[in-house]
Structure formats: C-alpha cells, structure tokens
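Trainee: If you read the protein sequences in the order shown, they are chains A and B. Each residue of the first sequence is one higher than the last, beginning at -13 in my numbering. Each residue of the second sequence is one higher than the last, beginning at 99 in my numbering.
Derived by calculation from the structure, the hints in this document are not laboratory data. The reader is advised that the hints may include incorrect statements.
Claimed, not checked - Simulated pairs of lysine to aspartate or glutamate, DMTMM-like, Cα-Cα distance not exceeding 25 Å:
no.: 1; chain 1: B; residue 1: K215; chain 2: B; residue 2: D290
no.: 2; chain 1: B; residue 1: K240; chain 2: A; residue 2: D178
no.: 3; chain 1: B; residue 1: K117; chain 2: A; residue 2: D2
no.: 4; chain 1: A; residue 1: K187; chain 2: B; residue 2: E237
Claimed, not checked - Estimated spans, in silico, between C-beta atoms of each pair:
no.: 5; chain 1: B; residue 1: K212; chain 2: A; residue 2: R(-3); range: 25 to 35 Å
no.: 6; chain 1: B; residue 1: R173; chain 2: A; residue 2: L147; range: 41 to 51 Å
no.: 7; chain 1: B; residue 1: E261; chain 2: A; residue 2: A12; range: 26 to 36 Å
no.: 8; chain 1: B; residue 1: Y225; chain 2: A; residue 2: K187; range: 39 to 49 Å
no.: 9; chain 1: A; residue 1: L121; chain 2: B; residue 2: E261; range: 27 to 37 Å
Treat the numbers as computed from the prediction; the structure is a model and nothing was measured. No residue lacks a Cβ here, since even glycine has one placed at the ideal position from N, Cα and C.
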Amino acid sequence: MERTTAAQPARIALFDTSRRDLWWVAPMATAAGLLLFVVYTTWAAFQGEHFEWGPYLSPFYSPHFAFTWWPFSPALLILWAPGGFRLTCYYYRKAYYRAFMWNPPACAVGALNHSYRGERALFIFQNLHRFFMYLAVVFVFILSYDAVRAFFFADGFGIGLGTLVLVVNAILLALFTFGCNSVRHLVGGNVDCYSCVALGKPRHQLWRLVTRFNDHHMLWAWVSLYWVGFADLYVRLVSMGVITDLRIL
Amino acid sequence: MADARLKVFRGTIEGGALKDYQVPVFEGMVVLDAIHHIQAHDAPDLACRWNCKAGKCGSCSAEVNGKPSLMCMTRMDSLPAGRPIVVEPMRRFPLIRDLVTDVSWNYEINKRIKPFKPKPREADGTYRMQQMDVERIQEFHKCIECFLCQDTCHVLRDHRRYEFAGPRFMIRLATLAMHPLDTENRLREIKDQFGVGYCNITKCCTEVCPEDIHITDNAIIPLKERVAGEFYDPLAWLWRLVRGKKADQRSEVH
Ligand code: SF4
Ligand code: SF4
Ligand code: FES
Ligand code: FES
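Using the sequences provided together with the hints, build the complete structure.
Mentor: Structure below.
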C-alpha cells in the first residue's frame, strides 16, 4: 500500500531522538535482568544434582523425571515448557523486542533499521503462545503439589522456610499464569455479545477477573521469574549444606 | 516567575531548523499557551493546529522534548526547568509547515475498513444491548483521533510499513469486532490488509495515548488472539474440520 500523500518523512537513525530523559535506563535494566536469569537458569539446569532436600524439590526439576535412558540433567526435559511459555508471553515479547532487538529501544527513539516484518515472518511462531499456556496451567498444579508436599517431612507434618519459599512460588506462578492474555481470550475475551451466548454472564465475570490479574502481568512476570530462580537456589544451597533450612514448626 | 526558553521547529518539507524564543511563564501554563504567546508577540506566521485547548479535539499533537504529546495538555511545570523546551511537529507525517503535518493518510486507511453492519432490528423495531456487552468498546470510543499513537508506532515511524493500519485503526477494528450488534467478519483483513502481525506489542501507542486507552492490551492483543484462533490454531482448525466449517465463517453463524 503506497502512501496517498506527497513526501515521506525522512528515515530515522538508530537511537535518534529529541528525548532528553533517561530513556535508555529501562531497556538496559530489562536486558540485565533477563540475562542474569538466563545465565543462572542455564547453569542450574545443567547441574543435575542438589535439586532436592527432604520434602523440597526445586521447581526447575519438577516434575521429577528419573529416566535411565536420559543421560543429561532431568531439568532439560522440563524447562522447555515454562521457557516456551515465557518466551512467547506478550509481556516478555515487549521486553526483549525493546531491550535486545531495539524495535524500538524506547518510544520515539530510533529503531534498529532492517527489513522489519514484525510477527508476520520468523516471529509468526509467537501465535503458539496458547499451547504453552495449556502446559503452564498443568505446571501450576504440579508446583502446587510440590508446595503441599513440602509440609511433610520425614518426621511428620512441619513448616520450614523452604516450605514457605515453595508455597509463595506456586502462588506467584498462578498469578502470572492466570493473568495471561491467552487465558483472558479463552475464558471470555473471544465473546462478541455476552448476553447472546450460553453462560454469557459467568464468562464475562471470569474475563473481568482475569483482566484484573492481567493489569499487573508485567509485575507478576518479574516477581515470579525471580522467585522461581530463588526457590531453586534455596533448595540447592540447603541440599549442598551451605545453609541449613530454618524449621519453623 | 522566570521566563521559559523554547526551541520551536520552523520550516517546511524543504527544510527548517529549531528557532529560539523566550516567553513569560504563568501559573497553570501549558505548552500551547507558549506557542500562542510566540504567535502574538514574535512570530505571527508560526503555523500550528489547535481548537479546544482542553485535550478533546485532538488537533494540537506535536513532539515536546521528543515525546509525542498534546501541546494543550502538557503543563510547563511538568517539564525540566532551566532547559529549553523543544517543540517539533510529529515526525511520522509529512510536514506542511512549522508544527502542522499532513495526517490525511489516516483518513485513507479508515475508508478501507468495512463499515458497521448491524443485525436486524428486534420485533419492536429497536436494538437492545446490555451494559456488559458494550463495556469493552466504551473505552475505545474515548479516542480523539489525535494520531499521536500513529506518530509513535515504530512500525510506521521507523520501519515505514504502511501496510500496517496503525494502533488507532486497530482500535476501530476491535470496536467493530467486539460490537454486540455487528455481523461483519473482518478477521482476514485484520490479518492481511491491516497487518496486525506487524505490531510487536511494544506498547508505545499505549504510552502516548492522551485518553489513556489501553490500546495494546485491550484492542491489539485481543485482535491477535482472535486471528491466532482463526488462522494459526491447529486444534481449532481440526475442530472446524470435524464440524464441517471453514475459517472465516465464525461470525456468520449468529
Ligand atoms: S504496540 Fe503495536 S501498534 Fe502500538 S506502538 Fe507498539 S508496535 Fe505500534
Ligand atoms: S488512540 Fe489515543 S493516541 Fe491514538 S488517536 Fe486515539 S486518542 Fe490519540
Ligand atoms: S503469559 Fe504473558 S501473555 Fe500469556
Ligand atoms: S487543542 Fe484540542 S486537543 Fe489540544
């Protein structure tokens, strides 16, 4: 489609802007935050040991697969699913398109110049987000089970600091997962006329509830991301004997 | 109060430059007041568009200190003191003169959208809609067509992919898609002709919208989800195959 009006405005060079505020802080902080997590997770996933202690199981290694035919760390059988969920999440997409691909680095700041196709060519795979979402919902249940299991020590019912860490982990993950835009679409966003369809009212209410979580999706994305890493680190350090688990009850 | 220094773009499509001006500041002053002061005292030929000075007509769009904003809603005391305030026309549109740009491209895009096609009236000759059915699209009706979102969107501004209709028209398409009375299906056009896939949901349109419309979350992402369901969902495709329906027919079964 050609422009219908006369001249095109001049091309804008990378980082060209009249903004005088600290626009580069946010993309740099995002890049640092994501990189740090990826580096730690990759390291932890390849360890293949120190992922459980007592009733605690690291979320990176849950569900616990122990197949004899699999010579590598069991985490590698698991992490592609939550990893794919976050990779195709609408919020994370915004974060890495801005922080790593500079498309755009910040609003009204010159973008990286190339033959941009958005999510129509290579990135068309982002449309698979809803399938990762189905898996992520399963993971909410698996990690909730782990949280419940963390109350049952060898000497019976109890609460350790690790129990709380895993309970918070399951809650944060649920807050992140149930604010997903694909969930929002499927529970009611796809309806054009609530009063014309079966179960229209409950679907509208469900849609509103998910919208409430969705409003803070970015917050839950970051908090749940770092908490999952922290939960792994906690179990790891206890299991390695670097720290002792604080038994509260 | 001290005077404020402004650097205002003066020129045409052939070329131009920022020119310095000094204006007295008063309580509650906005950038548009400063422009009016310059017109009244220093440069009667300074071109700018405005109408309501209340953030409702969408005429006074410009870039203030590099940020796409309405001049009439940008208070002078919200800008860093002691530094000149830079006022430039919207970069994405062809310049006519000074702060005035040619935004007619937007009206051309708008004409390509298939109009509202309501279902038949009820037996008593009326239409009925419930509040819960129209709640979502009420937000979209706040749009004042300032085109700041169109100016900022990097797909248009930097990549010049004019096959993308832009955030303002994603809003219009979403309004029609979610309308309880509309019977037209525009999903294929949303995907192909209006290029929803060009948007990479980086949310700059939402950041600059003076009406605080959640363009990305409430209009574009729902459209992307609808397009994904219609064209990129193998399960939905199988389901349609089993039930003997083709894509595109969804809203025609009303
Ligand atoms: S969210 Fe999409 S439409 Fe809005 S500015 Fe970004 S790319 Fe453009
Ligand atoms: S959506 Fe917002 S920014 Fe875009 S034209 Fe409408 S009011 Fe302006
Ligand atoms: S998890 Fe973020 S949008 Fe689905
Ligand atoms: S003059 Fe009407 S919106 Fe600024």
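Trainee: Give a verdict on every hint.
Mentor: Status of each hint after checking the structure:
1. B:K215 / B:D290: 21 Å, holds
2. B:K240 / A:D178: 20 Å, holds
3. B:K117 / A:D2: The hint holds at about 20 Å.
4. A:K187 / B:E237: 20 Å, holds
5. B:K212 / A:R(-3): 25 to 35 Å: 33 Å, holds
6. B:R173 / A:L147: 41 to 51 Å: 50 Å, holds
7. B:E261 / A:A12: 26 to 36 Å: Taking Cβ atoms as reference, B:E261 and A:A12 lie about 29 Å apart, which means the hint holds.
8. B:Y225 / A:K187: 39 to 49 Å: Distance hint for B:Y225, A:K187 is violated at roughly 20 Å.
9. A:L121 / B:E261: 27 to 37 Å: Distance hint for A:L121, B:E261 holds at roughly 34 Å.
Checked against the numbered hints above, the structure violates only hint 8.
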